[in-house]
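The lines below spell out each chain.
There are 2 protein chains.
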Amino acid sequence: MSENVIWHRHAVTQKIRARRKSQRPLVIWFTGLSASGKSTIAGALEQILTQQGYHTYLLDGDNLRHGLCRDLGFSDADRKENIRRVGEIARLMSDAGLITLAAFISPFRDDRRIVRDILPAGEFIEVFVDTPLDVCRERDPKGLYAKAERGEITKFTGIDSPYEAPQNPELHLDSARLSVAQAVNQLLAYLGESGVLQAGYRPLVA
Amino acid sequence: MSENVIWHRHAVTQKIRARRKSQRPLVIWFTGLSASGKSTIAGALEQILTQQGYHTYLLDGDNLRHGLCRDLGFSDADRKENIRRVGEIARLMSDAGLITLAAFISPFRDDRRIVRDILPAGEFIEVFVDTPLDVCRERDPKGLYAKAERGEITKFTGIDSPYEAPQNPELHLDSARLSVAQAVNQLLAYLGESGVLQAGYRPLVA
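For the record, the sequence lines run as chains A and B.
Here the working numbering is used: the first residue of the first sequence is 171, the next is one more, and so on.
Here the working numbering is used: the first residue of the second sequence is 171, the next is one more, and so on.
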């Protein structure tokens, strides 16, 4: 290589990275109430995809609220900014060639639309993890619903802050009735049918 | 897989992702004045690493200032927040198993230290792209130094805002004297010797 080679800035494109991995980059966005099962289902899907050779990354409150978004609280404006930043990271990860899973309550329709809009067409898969409020409230693994009902936390989605359900999600999971394995199977079937998993998919035996 | 499988959240770790790619994730952080050659060298290194089968991602002003950091200006506080966010993304990308290249002026020593500190030990490689101010000012590809000298932009690093040179960078590139290919060779040699490129490295013929 001579000194006269012209270096093209950012010559390594998403296409090159994705081809090398035989996968189609995309963002699988899980939305739903607290305790609806978003993170559990996303984590299970990630495990299976990794076993099948795909390169994934899971974004959720745990790895963002303490880092990139640690300056943000839970006001409407801060929630909006939180989801905006997550969307931007998802875009970068997708540009890096990864299958990115994002598990966030993301209660506002407009915010989810903003994320969809910053991604290239077809790269945003909205998955509605639809567990009724009563069921979530009963599960309450972190005791957050109890706290919200006692007024110890405010602006809690489903209690004193609205959840705007997706109107046309790519996938609607009836997550109160489905086991985790069944939910993952529905996801794999969807991804397989829509050609995202180029190597095909192998359903789980639930 | 039965319904009783216990799903471990985030069971897919950096280690698993990295092993699958036979690469050691890390962040290669290029710091230096505007027009010192950071992005050019980083882009060239990325091209070579990709050709050699590594999975990389390049973060720079172009893909961040218009997205994740578009709410930030160039005050000291905003620059600090800009670098903090870039550091957090680099951490996530590294956690995702990638070799992340970051090219930012990042003039303040403290800010670079913050990024180093949020990363696991040994995952931060600071590369000082050391081109003297006079040379940068003469190159001035975007006309920014001229604007700063006319007072049309303020807080411009090297003109009316300080650049704090690294004291102990992992690599010090005398970038005014080196060709791009020579700079990339020095980087490849460093990465090869420090065992980052597990498959060894092939130097370029400059």
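There may be inaccurate statements among the hints.
Copies of the same chain look alike in the list, so a pair counts if it fits in one copy or across any two.
Computed list of lysine to any residue pairs in SDA-like fashion (alpha-carbon distance at most 25 Å, straight line) [unchecked claim]:
| id | residue 1 | residue 2 |
| --- | --- | --- |
| 1 | Lys-325 | Leu-262 |
| 2 | Lys-185 | Arg-235 |
| 3 | Lys-312 | Leu-242 |
| 4 | Lys-312 | Ala-346 |
| 5 | Lys-312 | Phe-278 |
| 6 | Lys-325 | Leu-242 |
| 7 | Lys-250 | His-236 |
| 8 | Lys-325 | Glu-340 |
| 9 | Lys-325 | Asn-355 |
| 10 | Lys-185 | Leu-262 |
FYI, nobody ran anything at the bench for these hints, they're computed from the structure.
All figures in this text were calculated on a predicted structure; none of them were measured in a lab.
Going through the hints against the structure:
1. Lys-325 <-> Leu-262: neither (30 Å within a copy, 28 Å between copies)
2. Lys-185 <-> Arg-235: Cα proximity of Lys-185 and Arg-235: across copies only (22 Å, versus 31 Å in one copy).
3. Lys-312 <-> Leu-242: Within one copy only: 20 Å inside, 35 Å across.
4. Lys-312 <-> Ala-346: Only inside one copy: Lys-312 and Ala-346 sit 18 Å apart there, 57 Å across copies, limit 25 Å.
5. Lys-312 <-> Phe-278: Within. Shortest intra-copy distance 22 Å satisfies the 25 Å Cα cut-off; inter-copy 40 Å does not.
6. Lys-325 <-> Leu-242: within (14 Å within a copy, 27 Å between copies)
7. Lys-250 <-> His-236: For Lys-250 and His-236, the Cα distance is within 25 Å both inside one copy (17 Å) and across copies (18 Å).
8. Lys-325 <-> Glu-340: neither (28 Å within a copy, 47 Å between copies)
9. Lys-325 <-> Asn-355: neither (34 Å within a copy, 54 Å between copies)
10. Lys-185 <-> Leu-262: Intra 13 Å, inter 21 Å, cutoff 25 Å: intra and inter.
Of the numbered hints stated above, those contradicted by the structure are hints 1, 8 and 9, listed in ascending order.
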